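Sequence order for the protein chains is H and P. Numbering of the first sequence is given in the UniProt record's numbering, commencing with residue 1 and proceeding in unit increments. Numbering of the second sequence is given in the UniProt record's numbering, commencing with residue 1 and proceeding in unit increments.
These are calculated hints, taken from the structure and not from any lab test. Source: prediction; values computed, not measured. Keep in mind that the hints are not guaranteed to be accurate.
Chain H stretches covered by chain P per the calculated footprint, using a threshold of three residues with CB under 8 Å from any CB of chain P [said to hold, decoys possible]:
no., region
1, 6 to 13
2, 78 to 91
3, 386 to 394
4, 470 to 481
Mimicking DSS-like on lysine-lysine, the simulated pairs with C-alpha atoms at most 30 Å apart in a straight line are [stated by the list, open to error]:
no., chain 1, residue 1, chain 2, residue 2
5, H, 43, H, 368
6, H, 532, H, 549
7, H, 98, P, 446
8, H, 167, P, 171
9, H, 167, P, 291
10, H, 167, H, 98
Just so it is clear, CB atoms sit at the ideal spot from N, CA and C, and this is done for glycine as well.
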Amino acid sequence: MLSECFIASTLTSSKAPASASLRDVGICVHEFQPSPNLRSTFKKSSTAVNCLAVSPSHVFAAQSEKAIVHVYSREKGNQEAVIPFPERIRSIAIAGSKNGDVLVLGTEGGRLILWETCSGRQVATTASHLSPVTSLAVDPSENFILSGSSDASIHVWSLVDLLSFTKLPSGRDRQPPNSPLRTFSNHRAAITSLALGHSPGRYNIAVSTAQDNTAIAWDYHTGRVLRTFLLPSSAISVTLDPVDRAFYVGYEDGSIQSVDLYKHQSIQHTLHDPSLQSIPSQPSAEDKWSPPSADCGAAHSLSLSYDGMTLLSGHQNGKVLSWNVGRRKYATTVADYTHPVTNVSMLSLNGLPQPALDVKRTAHTIVKPRYDGGLSESTHAAGAVPADYTFSTHLLTSSPATTRNLDGSARTNQFTEAFTSAVFPDSMIEEGLAELALMNQTGGATAPIAPMAMQTTNDEDLAARDSHIASLESEISTLKKKSTVNDAARQLTTDEVTKLRADIVHLHDYINELHQKQEQAQKDKVLRQARKEARETQKREAWFSAEKKGKKGDVVMRKMEAEDSMQTSDSEDQSSDE
Amino acid sequence: MASMSMSLHAVNHRLTNIPVKQLPPIASCLATSLSNCGEILSAPQNQKSKSESDTAIQVHKLMTRLASLIQDKSPEGRWTAVVLIKAVVEAGQWEILRGCEPLVRGLIAVLSKSDPNVTKKMSVITLTRIFHLTYQYPTLVREITTPSLPGFITAALNLISVKPSSEPIRKLKPNTPFLEIVLSALGELIARHPTIFRPFSAQIHSVLQAVIGSASPTFPQSVLDSAEQLFISLHHCAPKNTSGEEWKTACQMTLASIHGTADYVFRAVVEQWESADPALRNASKPQNYTKEVCDEGFDALGLGPWQGLDSGVNRLVVLLQMLSACLTTATASTVIIPLGAVLDLTSRLTSVIVPTAGREVQPNPQISRTEREHLFAELPRIHAATMELLTSLVQTLETGAVPIAQTILEQTLWVYRAEKSSRGVRVSAYDLVHTLLSHMGPSLTKQSVSTLADLIRSCCHDLLPPVHEPATNTPDAKGKGKTNQATANADSFLNPALKQSRQATAPSHPGLKTTASALLAAILTHVPSEHLSPSLRAEIDRTTILSTNKDTMLASVLNPIPPVQGRSTSASIMPFLARSFPADQSVESLIRPRMPVISHTQNVGTYIDDEEEEEDEEDEIAEENPQEQTQSFLQSTTPLLNMDTQKPKSKPTPKRTLEPKPHSTEKAPEQSKRPRVDDATVTPVPAQPALDRSSPSTFTGTAAVSVPASAGVTAAPPPRVTSANDPATGTVGGPLSGSAVAQVPGSDDESDDELPTLNMDPDTDDEDEDETMEG
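Given the sequences, and given the hints that come with them, work out the whole structure.
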């Protein structure tokens, strides 16, 4: 839930607080919206105006009339340290407001002290102010510090140059190191308060008020006056609208005045319109909002709510009043702390998601200033960062170390991609489906084998044996191949053998047949021989008988021979068949 | 609600009725519908009404089905279960988480089964997410996380390594696909459950040592990133209150390792660096110069030996990334970052550079020239990693880095000057300078800006599209190091149109372009524009126009060139911005502002010149302006928190601004509460204000377009401009568009004839001024 709190600090006075809960209390954190009530308190503090600074982790309160700063931990809600300084502190401000890394202190003697709360390093500037530094402001780009003093001048310092180990060789030549960049000296009396615009850019403005009854809006990048405002009396506090459309000043009598910067009808920004810059302007008296009662006392401090529509003011009589900016009048009394409220400061909203403003680190405890090396910079070699320079902090978020490849293209991480998304990213699902499909494809009949194959590839504890297994497998396969080849060969030979045997059988049969035929032929031959002999004898008998009968035996012989030749041709035919 | 319950029904029906084998293809659809049912899944289940109890039954059915699916025999079933469990857990939060103990057991079991890789990967992610989600509920941590986390850690470690003995040391499996997932998962959990991880920290440490220290095979960068982060996160496991010490030790060991490795890698040269830390000054070990460069022992981090310069440089780069991981990984408590030691290290690494003219490196006579040249070839990689380390340092410390920002900038520029030819060095340097500028830019002095000039020029060069100069073109400015080749490319004489169409094939480096344009925008935004020399600024503007990057163009317009003595206002590239992005909100708000305009006129003396135009402008606007006062302006903003302080009123709409406005001063202020500036939008010539503020002819000099002598006369607008109603508008379009014309052949316009080809060589006086500044 959104909530908005403010922090207020008081200057201890002789009055005793009405409620017991406020006894001894010097700093209060008060919820302003939605329900105004006291959230937490820090005790034993008495701060003058501009002597309270708040970082996300700590509250720093410079004690009035003393040379010490109380440090309170906002996390633990207690007083963490009491830091002594060589001089009285008249104003403090935080630089690096996101983390509160550097505390800027303005001293009684007119110098600034910069304390790096995470390293304990301390840098002091030249005493460029002739009087105490009463107001301090750090610009939104965290590069410039503005310090206002009772000597009527405002110095602009470069935070970077002051803190940097390596001092630029020249640049601000003829100047001692750690001296201001430029000085704004248009005020003619002590500076009472300072406020800076909200732009980190080149056209940001500063508004300062002084005891000479003026408020001046000026450009701190150049020191040029943008506009002078003649006020009815001397303003003691100032704050700027979140859009820099107006500023509000508080007076000694407790009244508030709003000064609108866009009053003139001009396409030009009023402050940046050169034709108006030389003419002082006088805000109309009707813009002055009177306090509810005369005994409010001076409006020491002003602060605007997040939306810029409610103004809070801390008063001498211990009250914190809220003013309605839209209606231009007093709205309610938010709190009463009995003691004079010297500082009121709105804290940033809780519960608004602003990733850009999220703190990446936090300092649970501050590192106290080290006096040994801190003030005497010359102990180190010029420009070198001392080897024992350390920075203590608690890193809160892990950002991926380097999200770029060497050529600068973005790298992606499969894990982070899938981790917080509601469902797995498509790429992963597709990969999984492909893997399952592959498994089924190679599987099919050999489904149980596929997971096993998977396992051998997956289970890397077998990896050492993996190559061995692979070699064994290949061996097996070659052996199998060989055996199949052998089998085939053997099969072939047995086939051959059986075929040969069959052939042999065939041949035997054939031989037998031939034998039989031979026998047959023999028999036939014998028969023919016998027949021939028989015919021969017949012929001879016939010739003899014919001779006996007196007939010519030759004729009979010829007749019989003709019969014979017929018979022999038959028989010869027969024999040739065989 | 009803539709959700219906879709839950449908999911259940499909889950139970479709055969498990066919579930995977529809799993993703089921997961999507489940994640849309978040409201009923996360609803408390003890309500009485009938419909509520029905959905409760459905939810129960779903959970039972998932529990059985995760133990299914088929890998398809388990795969589907993992996908759905993730969706259900994300959608259901506490209500689902409290009943997911069986699911967690099933998921852990999957890790040791023979499932496909992706199933295991997804189970690891799902389990991590479940543990992550339960973290905010102590009861669930007690019931689910604490009992099952050790089992998960063991199973996850088993995926990537083997534990050979009873010793707390694990051996990394080669070629495991799970490394990245498992390391990221452990890194995610270790910070939240340090006590559960404590018994495993030695095992994890040994695995990580193997990953980080492996010389071959090298792991993918994403694996190394996760490993480095996890390595640093191990300090969470340190016993009570010593985590800060542990972190510091890890950091110092890394530093010592880098120094040790650098001793070997840089042996080919004699280093000029002297440590700021006296302990380090004389610490280097004697080396054997006869052998190839190698480290045979274990270094401070316990990383194994390496051999060869390539492995040495790899090791160095990995260690530098490790150090940046130190600075970017969340810590358990307050840690002490040794800034001094880190900068000491970077100053050592950046002190050895590739020798260039005038900046010689003293060679070590005992080492061969081959090795030295090898080292110089590898140096850009080391330096890119160094600059990435510095970038993460600055990004982490933000304003805390201000004291060391100047030192870092000097180291960067030193390296950059020597090694700008390497793309990696350029990308890292752009990135680093960009980061630095956002913290220290506004307080840069003119002198330090001039040291950046070289970087800015090459940044512009990287952004420009490849130039194909026709042979007739005059050679470029001498300062840019482009020489006209003696041997001309024969193709360049051939059909130029053909070349145009083939241009797109040039290799592109998106990362380089992105970082370069981001740097350009940062320079325009953060560096005081008065410190940029006019010629440099003109080059930036020209690059900005030609690369058509909205952010840089906007930055250029918002940070105009400061007025030069004797000229009222300066050129602006606003017309180009308006042409390129007419519909963009930021351009709209710039050109037709709803707030009064901040002009950049500064010199009161020259104000008079401008006044006429200004008055014209004002008249036009004023005619339609309601004479509204401050009050209306303040009240017109919609308050964020206290709406009640204002009377309700509608926000001003464009429609209303079209109505003619009476000058109703007598009207009560409340009635006409609307921002007066709205009306500026209906001016007949809307772009008028923008054009008006760009000035006549001033940028002939500042934009560094070399204009013939006639145009060199400052106050006179170029004679042949469009028939604009006032000279200013024409001039703005004229020379600057001419500058684009010269670059982009073919886009002629009428002002072409009087404009020469674009020559970035500025006017002679500008050039002289520039050179004296740089020198």
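Here is how each hint holds up against the structure:
{"no.": "1", "hint": "6 to 13", "verdict": "violated (count 0)"}
{"no.": "2", "hint": "78 to 91", "verdict": "violated (count 0)"}
{"no.": "3", "hint": "386 to 394", "verdict": "holds (count 9)"}
{"no.": "4", "hint": "470 to 481", "verdict": "violated (count 0)"}
{"no.": "5", "hint": "H:43 / H:368", "verdict": "holds, 20 Å"}
{"no.": "6", "hint": "H:532 / H:549", "verdict": "holds, 25 Å"}
{"no.": "7", "hint": "H:98 / P:446", "verdict": "holds, 28 Å"}
{"no.": "8", "hint": "H:167 / P:171", "verdict": "violated, 52 Å"}
{"no.": "9", "hint": "H:167 / P:291", "verdict": "violated, 44 Å"}
{"no.": "10", "hint": "H:167 / H:98", "verdict": "holds, 26 Å"}
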